[in-house]
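Engineer: Here are the chains, one letter per residue:
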Amino acid sequence: MGSYIGMGQNDKQSRWGAYNGLGQNDKQSKWGHTLEWDKMISCQDGAIHWPGQNDKQSKWGHTLEWDKMISSCCGCCAALKPRYKRLVDNIFPVNPEDGLVKNNMDKLTFYALSAPEKLDRIGQYLAQRLSRDVQRHRYGMVVIAMDALDQLLVSCHDYSLNLFVESFLKMVQKLLECDDVELQILATSSFIKFANIEEVTPSYHRRYDFFISKFSSMCHSNNSDETCKARIRTAGLKGLQGVVRKTVSDDLQVNIWEAIHMDKIVPSLLYNMHDQGFVQVDLDNHRNEEAPAFVAETVFRDLVCRASFGNIKSVLKPVLVHIDNHQLWCQATLQFVVKCFKIIMFSVQQQYAYIVIQVLMTHLDSHVRSSPDIKSSIVDVLFECVLIAAGGSIGPSVLDVFNNLVRHLRISLDNKSTDVDKRTMEKKFEEAIISTIGEFANNLPDYQKIEIMMFIMAKFPQFTSEEEFGGKMDAQLQTMLLKTLLKVATKYKTVSMANAFPPEFLHPLLRMSLLDDPGMRIIVQQILHTLIDRNDNTPKFKHVVITKDISKLGLKLQKSARQDSLFMKKNGSEFYGCLLENMQMDSNKVDNFEALYCTMALICVEMGCTEILLELIRFALELQNIAINKLSLPLTHKCAIHALTSGFLNLLAQLAEVKSLATYVSGVIEIRRQEASHLLPDVAFNRANKPSSYPEVETLKDTWLFQQSQIAEILTELGHDVSRLSKPFTYRVFSSLLGGIDAEDSTLEKDEEERRRKEILQTFQTAPFEEIVARSESKSNHFHNKLNEILEMVSKHPDSPGSLRNTNKTTVPVFDIQFPELYVY
Amino acid sequence: MEDYKYLFKIVLIGDAGVGKTCLVRRFTQGLFPPGQAATIGVDFMIKTVEIDGERVKLQIWDTAGQEKFRSITQSYYRAANALILVYDVCSQATFDSLPQWISDIESFAKHKVLAYLVGNKIDQINSREVPSYIGKQWADRFEMRFLETSAKDAENVDILFYDIAMELTKDAREKDKLESDCTGFNISPNTKTINRCTACFKF
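Residue numbers (the numbering used here), protein chains in the order written: chain W, 822 to 1646; chain P, 16 to 218.
Any given hint could be a false lead.
[Unchecked claim] Okay, derived cross-link-like pairs now, DMTMM-like style, lysine to aspartate or glutamate, Cα gap no bigger than 25 Å in a straight line: (1) P:Lys20 with W:Asp1030; (2) W:Lys995 with P:Asp196; (3) W:Lys1050 with P:Glu82; (4) W:Lys1138 with P:Glu65; (5) P:Lys151 with P:Asp186; (6) P:Lys83 with W:Glu1047; (7) P:Lys62 with W:Asp1096; (8) W:Lys1579 with W:Glu1613; (9) P:Lys72 with W:Asp1096; (10) P:Lys20 with W:Asp1096; (11) P:Lys83 with W:Glu987; (12) W:Lys1050 with W:Glu987; (13) P:Lys20 with W:Glu1079; (14) P:Lys127 with P:Asp196; (15) W:Lys991 with P:Asp155; (16) P:Lys62 with W:Glu987; (17) P:Lys72 with W:Glu1047; (18) P:Lys125 with W:Glu998; (19) P:Lys20 with W:Asp1240; (20) P:Lys83 with P:Glu121; (21) W:Lys995 with P:Asp18; (22) W:Lys1134 with P:Glu82; (23) P:Lys127 with W:Glu1079; (24) W:Lys906 with P:Asp18; (25) W:Lys991 with P:Glu65; (26) W:Lys995 with P:Glu163; (27) W:Lys939 with P:Asp18; (28) P:Lys62 with W:Asp1001; (29) W:Lys1160 with P:Glu82; (30) P:Lys72 with W:Glu998; (31) P:Lys62 with W:Asp1000; (32) P:Lys125 with W:Asp1030; (33) P:Lys72 with W:Asp1523; (34) W:Lys1134 with P:Asp119; (35) P:Lys83 with W:Glu1079.
[As the list claims (entries may be wrong)] Derived coverage of chain W by chain P (criterion: at least 3 residues anywhere in the stretch with Cβ under 8 Å from a Cβ of chain P; other residues may be distant): (36) 1393-1403; (37) 1462-1472.
Keep in mind the hints are simulated off the structure, nothing from the lab.
Every residue gets a Cβ at the ideal spot worked out from N, C-alpha and C, and that includes glycine.
Same shape as in the complex, but just chain W (with noise of 0.2 Å):
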C-alpha cells in the first residue's frame, strides 16, 4: 500500500485543483464524493469505511465471487471501492453481447481526461479484471475490455499515457498468449490502434520481444481453417508492422534492427510473401488487401523504407539467408526473388541503394562455389537492382564493383565444368556477368566508361604477367573480356572522338583488334564501330557493297568537327595501320572483311571525308597494293581486299563529293564488273562462293585496279597537294608493339622479305621517276636523322668535342675513332 497511499498524497494538490475545477460545473452532484474519497485516502487504513453510497455497482460487473470476496473480508457494500473503479466497472454491461455501455465509457473517459495521474490505475484495474475474464473464458467481456483500453488510449493525451500503456501491454500480450484465434486478432488489432499512437514523452521501460516472438509465430501460423490461418497470418503481420512502428523511432526503445529481432521479423515477412497457398492472390483485387502475401508485401515495404545507412544491412542479411534456406535461388522461384529485390530497390531511401548491390555482390562472392545458376540467379537479380538503382548503383568503389564481377567471371571460366548441360548453365552466368557488367558501366558518366574499358583490358592475360593459364582458357577468358568490353562499349555515347579514344585506351584497343583469333577480332571491330558511330550508322555498312547512288542508303551526315579531323590526323597512321595489318591476317573470314569495312567506312562518315580525303585515299591504295604484293595470302582474300576497296572508293568519292574521282571510280568498277567480277563484292563476299567462282590463273590487268597516278591527277586538278600520296604507308610499328602475334612473325617476317622486295622491284619498274627519287630521298633523309640523332647522342658526351668534328665531315671515320672511346665505358 505504501506506493498507493504515497501517490495518494502527492497528488492530492493537483487533485484538489482539478476537482475544484470542475466542481463549479453542474456535474457538482456526481463528482461531490470524490472529495471524501480523498479523505478517505487520508485516513491511510487499509479497511476503508465508506458512508452508504447508492450506488449501483454491484448489479453490474461484478461476479459472484468478488462479492463474496469483498463481503466477506469488509462485510461492507460493494460501493467502498474507489471511483474510478466504480466508473471502470459501470462500463460493463450485464449480458456480454450489449456491448460497451457507451454512455458509462463516456464518463470513464471524462474521468480519465480530468484526472490523468488516474490512468494508470483505471489500466490496472481494467487489465486485472481482463485477465480474470480471460480465465472464466467469459469471452464477450474480454472484448468489452480491450473495447474501453482502446478508447481511452486514444483519447487520452500523450503525457498521462505512459503507465497506462503498461497495464495496456500486459493485457494484450495476455490475450496474445491465449489460445484463442479471435483473442490473438483482437489483441493485434488493439496492439495496431496502439502503435499508431505517437507518443512523444519517451518511455523507458517497455520490452517487446514477446510480441516480437508472438507475432513472428503467428505469421507462421499453420491453422487447419485457411481463412483461419489467413487471418491468424495477416494479424502477425500487422503487429509486426505496429511493433517496427512503435520502436523504429524511439531511441530509448529496443533497437529493432538488431539481428535477434530482425531474424524473426524478415523471415516471417518473405515466408508469407511467397507461401505456395497464397500465391494465387489477385494483388489487383482491391477485396484481398487482406491477404497475407499483399500485407506481408506492404509491411516489407515499409520496413525497408525506414531503415536508414547503419540498418538496411541488417534487413538485407535474413532476406539473402532466407532466400538461401528456403533455395528460392532456383529458375521456378527466381522471379520472386526478382520481385523482392524490387521492392527493397524502389522502398530504400536512394542514397542507400548502393548498399544493396554491394550486399548482393558480397553474397556472389559467399556463392562462389556454388552452382552456377544459383550464381547466375543472383547475378540476374544484381542486374535487376542495378536497372532500377541507375546513377547511385554503383556507390564508392567503382573498380572494386567491376572488378569483383570480372574475377567472377574468371573464376567460373577457370573451373569450367566437362559437364555439358553444367557448362550451359556456366555459360548462362557468364553471359549474365557480362551484361551486368555493361548495366553498371550504363550507370557511369562517359569519362568513367573509358575507364572502365581500359580497366578490363588491363584484364587480359596477355597483357598480365600470368602466364600459367592455357592458351586455350586464355581465349575463352579473351573472347568473355572482349563481350564485356563490347557491352560497355555500346552503352558509351560518343561525342567527340578525341575523348572517346584517349591515347592510352586507343593504343592497347587497336593492339587488341590484331589478335589471332578472327572471332575476337570482329569483336574489338564491333567496338570499334560503336565507338566511332554517332549517327547510327553502323547497320548500314554491315555488307560491302558497291552503290550506286549512297544517297539511297539513308546516311545520316553531320558536319563532322574539326577536332575530329584533327584527331584523325594525329591518330589516322595507327587507324590505318592496324586496319591493314589486319587486311593481311590470313584467318579472316567474310565477317572479319565485313567488319574491317564498316570500320572503314564510319571513319568515313563520322571524321570527315573530305578533310582527310587524301589519307584516306591513300590508305585504299595501300589496301590495294596489299592485295597485290602480297603473295601469301590466299586467292579469295586478295579478291575480297579488291572488292573491299573498291567498295570504299566508291563511298569515300560519293560521300566526298568528288565527281571526278567518282566516276573514276565507277569507270574502274564498270570494267571489272564486265571482265573481272571477281575482284567486286557482289562475287568476293558472296558467301556461297566454291573455288570455280574464282578464276584459276590469277591475273591482274592494270584497267582492273585503281591507279594511283590517275588519282593524283584528278586530286591534282582539285588544288589537293598529292606529293603524300606517293609516300608508303609506315604502319609497320604496329607489329613489333604486338605481343601476341609472336608466333606467325616467322612467317611474317619472309611474307614481309618477299613484299619489300616486290615492292621496290615495281616501283622501280613502274613508278615515275620522280617518285623513285622521292623515295630513296626520303628513304636517305631517314637514314640522315637517324644518323643525326646517333651523332647528337655522341655530342653530349663531354669527353668527345673532338669526335663531333670528325663526324660532321665523313661517316667512315666516326667509328674509327668511337670504337675506342666507346670501350672506355
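Since the structure of chain W is already known, use the hints to place chain P on it.
Structural biologist: Leaving out everything else, chain P in the frame of chain W:
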C-alpha cells in the same frame, strides 16, 4: 494483477518429425494429435504450473525442425531459459544430427542455458534404434539432462516440463536472493501495489 511469480521461456529444438509439437501438445493440452502437420516457423504455447506453491508460467516455443526455417528458429534460442533438444529413439538419423544441434546451441543460445536431451517415441519398442544408455552417455558428455519420453503414452512428459520448471525456479530464487540482498528490486513496483491492494480487502 500478475498471476505468476516467474516466467520461463522454453524452446524445443530437434530434427523434423521427432515429435516436438506432440510433446508440447501433450503437456499443454493433454492430448496427442495424430497426424500432426509439420510446424512452420515457430509455434507458441503457454502453460502455468505450480512449483512449491508458486505459480510459474512457461512460455513454450515449439520450433520447426525443417532445415529451411533454421534461421528464424535460431533467433528464438537467445531468449530461452531452457532448451529441449529432442530426437527420435526410432531414428538413428535424428540422433546423428545431434552434434549439429549442439553446435547451434553453443552459437545461438545463452551461455548457461538449461539444456535437456530428450529421446521421444519410446512407446514404439519394436522399432527402437537408439538404446537408452547411448542417449544417456551423450547427454552426460555435453552436460545435459536426459530423459526418454513418449508423447503418445504421456510418459515422462509432465516430468520433463516440471523438472525444467523446478530447476529454473530454483535458479531464479537464488538469483532473487542475491539481488534482494543488493537492491530488493526483483518485482516491478506495480505488482507490489496490487498485492497490497488485494491484501487490503483481506485485512
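Engineer: Quick one: which hint numbers does this structure break? Sort them smallest to largest.
Structural biologist: Hints 2, 4, 7, 8, 9, 10, 11, 12, 13, 15, 17, 19, 26, 33, 36, 37 contradicted; others consistent.
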